[in-house]
Amino acid sequence: MSDMAFFDLAARQASWLAARQSVIAGNVANAHTPGFKAKDLKSFEDALARTQLTLAATSPAHLGAQDAASRIGDAREIVGWETHYSGNSVSLEQQMSLAGDTSRRHALNLGLSKAFHRMYLAGVKG
Amino acid sequence: MFDPLNAAMRVATSGLQAQSARLRVVSENIANAESTSSTPGGDPYIRKTLSFHSELDRAAGVSMVRAGDTGTDDAPFRLDRDPGNPAADSSGMVKRPNVDVLVEMADMREANRGYQANLQVIKQSRDMLSLTIDLLRSN
Numbered sequence: 111m112s113d114m115a116f117f118d119l120a121a122r123q124a125s126w127l128a129a130r131q132s133v134i135a136g137n138v139a140n141a142h143t144p145g146f147k148a149k150d151l152k153s154f155e156d157a158l159a160r161t162q163l164t165l166a167a168t169s170p171a172h173l174g175a176q177d178a179a180s181r182i183g184d185a186r187e188i189v190g191w192e193t194h195y196s197g198n199s200v201s202l203e204q205q206m207s208l209a210g211d212t213s214r215r216h217a218l219n220l221g222l223s224k225a226f227h228r229m230y231l232a233g234v235k236g
Numbered sequence: 124m125f126d127p128l129n130a131a132m133r134v135a136t137s138g139l140q141a142q143s144a145r146l147r148v149v150s151e152n153i154a155n156a157e158s159t160s161s162t163p164g165g166d167p168y169i170r171k172t173l174s175f176h177s178e179l180d181r182a183a184g185v186s187m188v189r190a191g192d193t194g195t196d197d198a199p200f201r202l203d204r205d206p207g208n209p210a211a212d213s214s215g216m217v218k219r220p221n222v223d224v225l226v227e228m229a230d231m232r233e234a235n236r237g238y239q240a241n242l243q244v245i246k247q248s249r250d251m252l253s254l255t256i257d258l259l260r261s262n
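As given, the protein sequences belong to chains S and H, one line each in that order. As numbered in the numbering used here, residues 111 to 236 make up the first sequence, in order. As numbered in the numbering used here, residues 124 to 262 make up the second sequence, in order.
Here chain S stands alone, though its shape is the one from the complex:
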């Protein structure tokens, strides 16, 4: 199914972007929580390299399945643009720029998916 590789990749990136959006939402919601450290996901390239070969999770008790929840759980602390004296390292400006970046990449991803879909349909319809 190598011709479907694009859709697989696009779906993975969409799920990574959605997970990232919820991490950003957590940062923004906690922008005024004392001691809260800003977090972000590992880069998509890293996530992709790690999920090339995954074990099938056949039971909910299995570990290692790379679903969105475990991906969010992997979020690590980032260096914020500013650290408040309460120990909070969330900078709203930084988070807004991250969120903008996420939604732009998501729009690009979906636009490309749509274009590929149209291409397939054109092939099918003739």
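Just so you know, the hints here were simulated from the structure itself, not pulled from any lab data. Misleading hints may appear alongside valid ones.
Stated by the list, open to error - If you want a taste of the chain H side facing chain S, the calculated C-beta under 7 Å gives, among others:
hint : residue
1    : L128
2    : S158
3    : S160
4    : S177
5    : L179
6    : V185
7    : V188
8    : N241
9    : M251
10   : I256
The beta carbon of each residue, even a glycine, is placed where N, CA and C say it ideally should be.
Mind docking chain H on chain S? Use the hints.
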């Protein structure tokens, strides 16, 4: 199924709730900035404070925010000499609340900014969701 975009909106909603609780406390403080005691020499209104706590939503693995219980500011009261005031003690001093309106205004602005940022996150997550749904539309 767990959906991270919905989780993002839920988290941002918890942020909206926390910021509006903060705004409520600020408005209580400003409204009572001059509230003196009803008994002579008694304590006036004490400034209320609110603290936020981060709360992990285990199902989604995201950090929600929760406004904790309101506390009180233990800063000293302002003392004015105003013998005609019903709240004045035997030496004519009136205790005024330890509310600094400027601090409250700054706090209000910050709450406002936090609220806007959370709204922006909701808007963006909603746009991402609706873009995804748009894939289903015939093109």
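Hint check:
With its C-beta approaching chain S no nearer than about 5 Å, H/L128 sits inside the 7 Å limit, and its interface hint holds. Because the beta carbon of H/S158 sits about 26 Å from the nearest beta carbon in chain S, more than 7 Å, this interface hint is broken. Here the hint on H/S160 is broken, as its CB sits about 32 Å from the closest CB of chain S, past 7 Å. With a least beta-carbon distance of about 5 Å to chain S, the hint placing H/S177 at the interface is held under the 7 Å criterion.
Taken as an interface hint, H/L179 does not check out: its beta carbon lies about 9 Å from the nearest beta carbon of chain S, beyond 7 Å. Because the closest C-beta pair between H/V185 and chain S is about 5 Å apart, less than 7 Å, the hint holds. A hinted interface residue such as H/V188 counts as satisfied when its beta carbon comes closer than 7 Å to some beta carbon of chain S; here the least separation is about 4 Å, so the hint holds. At about 6 Å, the closest approach between the beta carbon of H/N241 and any beta carbon in chain S falls short of 7 Å, and the interface hint on this residue holds.
Hint on H/M251 holds. Least Cβ distance to chain S is approximately 5 Å, under the 7 Å limit. For H/I256, the interface hint is violated, the least distance from its beta-carbon to any beta-carbon of chain S being 10 Å, above 7 Å.
Consistency with the previously given hints fails for numbers 2, 3, 5 and 10, ordered from lowest to highest.
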